[in-house]
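Which chain is which? The protein sequence lines are A and B, in order.
Here our numbering is used: the first residue of the first sequence is 10, the next is one more, and so on.
Here our numbering is used: the first residue of the second sequence is 2, the next is one more, and so on.
Do not rely on the hints blindly, as some may be mistaken.
Simulated restraints on C-beta separations [as the list claims (entries may be wrong)]:
| no. | chain 1 | residue 1 | chain 2 | residue 2 | range |
| --- | --- | --- | --- | --- | --- |
| 1 | A | I90 | B | V25 | 19 to 29 Å |
| 2 | B | N109 | A | F55 | 46 to 56 Å |
| 3 | A | N154 | B | P196 | 51 to 61 Å |
| 4 | B | N69 | A | A197 | 15 to 25 Å |
Bear in mind the hints are in silico, worked out from the structure with no lab data behind them.
Glycine included, C-beta positions come from ideal geometry on N, C-alpha and C.
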Amino acid sequence: MKNKVNLKAWIFTIPSLILIVSFVFYPMIQAFITSFYTGVANNLSFGGLANYQRLLTDTTFQKALFNTLLFLVIQVPIMIILALIISSILNNKRLKLRGFFRTAIFLPCITSLVAYSIVFKSLFASDGFVNAMLMNLNIIAEPINWLTNSTCARILIIIAITWRWTGYNMIFYLAGLQSIDDSVYEAAEIDGATGFQKFRYMTVPLLKPIILFTSINSTIGTLQLFDETMNITQGGPANSTITISQYIYNILFKYQPNFGYAAAVSFVIVVLIVVLSFIQLKVGDKND
Amino acid sequence: MTKQAKILNIVQYIVLIILTIISVFPFFWMIVAATNPSVEVTKGTLTFGSYFTENLKTLLSSDLQFINAFKNSLFIAVITTTLAMIVSSAAGYAFEVYKNKTRDKVFNFVLLSMMVPFAALMVPLFRLFSNFNKVPVLENIGLNTNGSVIIIAIATAFLIFFFRQNTRTFPKDLIEAARIDGLGEFEIFARIYMPTMKSTYAAAVVVTFMTSWNNYLWPLIALQSPEKRTLPLILSAMGSSYTPDYGMMMTAVVISTLPTALLFFFMQKQFVAGMTGSVKG
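Please model the complete structure; the sequences and the hints are all you need to start from.
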């Protein structure tokens, strides 16, 4: 009887396990093996560490790595701090229209990454709405070349991602804040704590596990950034917004397909994810 | 309230109002653009026009095969969601209900797949699926088939984890009682668990449908023939045009955002619960 149930239990999980092994773990091992092969398309020959050595001198790769890390280092902290501030404002029960504000700020999460990227591309086009508005308000005299100036293009990508994902992170913090007893805050108010003190010394430490979770989540997401740069700037101008994922895509489909080299580049993302998640977990532990 | 507290209170509202405007404006603008001719859009109009049907006509008569892409997206999203609900929920259910050491280890192994970036799978998956095209039966999930996009989204660590977490709230007494009544293990799952866990399924349906509807990178690789393209691929193609027709483009954006917007407004609670995974919404 027990054995029969055990067998059935495996039957429940077998379809999922087959799919995950076939389409995640097996390809992952394949990618690792392929990264040691060189050649165009399916004419592969063993090349040892050649692909990894090539990474060291490939300036486009270095640019992609730099951009990806730049987006990570600037965008993730901005978004997380912004989401924390918004959620601590929205956690105030005396606030009017809380539900309305929460829904409005979450709204960007319903759009597909491609759809919002196109909207942002149109809004920030040189003859787009943002430039028209800034010129009407006399803030600028000439239209800003958001898409063709490398610094502006990077800023635009950061603005876009922040718009799309801040509300998403806010929801996690709001859920976390709900589990904190109001009396803790009331006690602090009686002791004369200011809003900032409450935020810095209560909200942030109490939400630490959730902040850690969301920052790991955002780190993994940003390291794989693709849809936005592909659709807003196409990685341009002059590769100034190209990301690692997009570079892999280019190696595969824009240039002559080089499976081995693309696989080697993709393992850089794997290593970065593992290392950065590990560091964040360590730092998170230490501050306890 | 002290004067300082009053000022702080007003500042809070101002911050929230500004953020609300920033969050909602792109939605407002895309509807404005969809109802105006492209010329008006570039002039920076902010009033709703009456050009929607014209934009729609242009969109439908263009060579982008918009209706076809809509159908492809819908077909893929519906089938993916249906299969994922059966396959992933069964696994999540079993990992919780039939807990033992071996299965816990296997579950942790499944979770590990969450860490694997899709970028690392791009190369081998593309090669694997192009090989499927040469094999009978498997050719149905080869490159340029709806199946290729469906098959890799049926079992995900996220969904299995989501179902396992939520199964904790499922009363185990029900299982014992059903066994005494002579129900088999599969019957218990299909006839007791599934109907009891409606809200969990609702949240999972919303998030799976949305993920599939919005999926971009894998379809971009797997679906390269024009008649197989899904909505995000069509939108992307429009966006990269050098002389974009903003009216038509935003009409396409509005129509493709509509299904997820409707899901959000009618199932807000499940939507948020699904998107945030295990955190109770």
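- Task: Could you check the structure against the hints above and give me the numbers of any it violates, in ascending order?
- Result: 2 and 4
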